[in-house]
Each structure stands twice: as C-alpha cells, then as structure tokens.
Amino acid sequence: MPVPDKKDLRRFCELDGWEKTAARSPDHDRYRKTLDNGDILRTRVSHGRGPACEDPALWNRIWRHQLALASEAEFWEVLRTHRPAVRSPIGRGAPAPAPQQPGMPAWLFEFLVNVVGLPENDVLDMPEDEAMQRYLRYMGEQ
Amino acid sequence: MSEPISISLFRQKAGPYFSEAVHRHSPLAIQRGSEDLGLLLGHDEAWALLADRSFTPEVMRGDGGVSIWLPEFALYGQGATYAEARADLLGEVRVYVDEYLANAAEYRRAPNRAAHLPHVIKAYLAELRGELEQAIFPGPPDPPVASSEEEVSVSAGR
Chain R
1 MPVPDKKDLR
11 RFCELDGWEK
21 TAARSPDHDR
31 YRKTLDNGDI
41 LRTRVSHGRG
51 PACEDPALWN
61 RIWRHQLALA
71 SEAEFWEVLR
81 THRPAVRSPI
91 GRGAPAPAPQ
101 QPGMPAWLFE
111 FLVNVVGLPE
121 NDVLDMPEDE
131 AMQRYLRYMG
141 EQ
Chain D
1 MSEPISISLF
11 RQKAGPYFSE
21 AVHRHSPLAI
31 QRGSEDLGLL
41 LGHDEAWALL
51 ADRSFTPEVM
61 RGDGGVSIWL
71 PEFALYGQGA
81 TYAEARADLL
91 GEVRVYVDEY
101 LANAAEYRRA
111 PNRAAHLPHV
121 IKAYLAELRG
131 ELEQAIFPGP
141 PDPPVASSEE
151 EVSVSAGR
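Protein chains in written order, with our numbering: chain R, 1 to 142; chain D, 1 to 158.
Check each hint, because a few of them may be wrong.
Claimed, not checked - Computed Cβ-Cβ distance ranges for the label pairs, DEER-style:
id, chain 1, residue 1, chain 2, residue 2, range
1, D, P140, R, W76, 37 to 43 Å
2, R, N37, D, I5, 36 to 42 Å
3, R, H47, D, P143, 41 to 47 Å
These aren't lab readings, by the way, just hints derived from the structure by calculation.
Remember, predicted model here, so these are calculated numbers, not experimental data.
We treat Cβ as the ideally placed atom computed from N, Cα and C, and that holds for glycine.
Pulled out of the complex, with its shape left as it was, chain R reads as follows (with noise of 0.2 Å):
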C-alpha cells in the first residue's frame, strides 16, 4: 500500500477523534489522542502538500506506534468508512507481524561515514548485516 499523503494523514486524525496541540511547531501540525484504556498517541503532520513521509518503513513504524493501528489497512478503513479505528479494548490489539523494514543503528551509520570516511549515500544503500560487517572489518584492521 502506498505511504498516504499528509492531507490523508491529517483526515485520518479528525476522523477517528484526534485533537489538534497547540505545542509549539512551526512546520507541523500535531495531534494527540487519549484511548479509553489511558494510552495516549501523539503524531504529527508537517505543512504543505505530499506524501506524509519519504519512507515506506517509516510508515509502518508511524501506523503501527504513533496510530497505534493493528494493521495498515485499518488507516485505509477509516478514510474509506469516516468511521474512528475499532482498536481492542486494550488499546493496540493485536498488531500483525512487523514487514521488513530496512534501517541500520544510527551509530553504525555515523562510524562508517564520520570514521570510515564512506560516503553518506552509498551507507544508506547498504544492507545492515553489510554495514555491520564494514564495521568490523575496520574495527579488526585498526
């Protein structure tokens, strides 16, 4: 499914009952929402047209912690229905398994580009089993 725009994001919010802060933000929105079970989910919307954000795994990482979605199609059902999440009465549900999501500890990518000298981009690319293993060859050589 395609990471939706920020005006989907932001439907989404008023949708299913999420009240607009007032914490200050120049660049974002920010919505905030109380769950029966006292859970409190806090997201954010910057301003402007566009996708709501750049990376699909960091979708799956918004819907599932900051919506507190047991799956995201249950984002899509909500824009679909202009009906709130049916989240379980503890909250959360039962959040399907995770999908693949291609990310690297920050500290390994500020090593091999701030140590190393590799360049950012080409860091970025890198599988993290692939980062890890740069790592440690530096780390043996030295």
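Assemble the complex: chain R is given as a structure, and chain D must be docked to it using the hints.
The following block gives chain D in isolation, referenced to the frame of chain R:
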C-alpha cells in the same frame, strides 16, 4: 538510615541542604505531612542512576530523503539529508520532553507512556548538561569483554 527532614526545616536551611545533596553527593529525603515524600538528588547521582538507559535511533533511507526512528519515544525525524533528519529528531525529542514533564501526572498514568519516564529524565538531564546529541546518538557500543578463548564480537546495540 537517616530520617527524612521536614519541609519546614528544609525551607529554613535550603541552601546548606542543597549543598549537601549536590556538592557532597548525599541525597536528602524531605517529608511534608505524613504522606508526601520527596528526594533531593544531585545531578551527578541522577545521571548515574540513569546510566543504563540508552537510546537506539535507527536510520532509514526513503524515496526522497532520510528518516530516523527513535523507538524509546516512538518519534521520528526526517529530512533531505542525514543531518537534517538528525536535527529534526532532536527537535522532536525536545518537544516531547517538554510535553511529558508539563503533563507528568497524566503521562505517567498512560500505559504506553509510563515506561518513557527514565528516558525522559535522561534526555532532560542531558539537555541541561549540553549533551543531548550525544545521549540520543551514542557512539558504538562497548565490545563485550572476551576471554582469550572467546571470539570478540560486537552487537548491533539493540
């Protein structure tokens, strides 16, 4: 163990008690009435208590830039470059810590926020020390101490 001092006594000698806690590193329990109990703790001691709380940001490449996810707070930063995403995330952490501390009673009751408290305090103290960036973006994990027979390996720090 020493008994808590009363709030009225603390009011009378706040300066010396503060020095005792901060400069002589001696935590001070302060009681008001029969139920309210507080603890005056030096910054160094508070920092030491939180030494094992660390942050584990993850970097991801998107179609149009870089994003960084911070699992301890369920926050992200994004930008056209890593530096922009990093700065964006640090800004988000500052906003969240302010928000959490301003609504501490409510956030500590929230099942999905209660466990954030030690990390919130850590980030707050780190900011006061001018070390927020280092706290949120720590360097490589220390390699495990290996015996001569064991192979040294380094985990991903998660």
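Hint check:
Checked against the hint of 37 to 43 Å, the C-beta distance between D:P140 and R:W76 comes to roughly 40 Å, which is consistent with it. The beta-carbon spacing between R:N37 and D:I5, approximately 40 Å, falls within the hinted interval of 36 to 42 Å. Judged by the Cβ atoms, the range 41 to 47 Å given for R:H47 and D:P143 holds: they are separated by roughly 44 Å.
The structure fails none of the hints (numbered hints given earlier).
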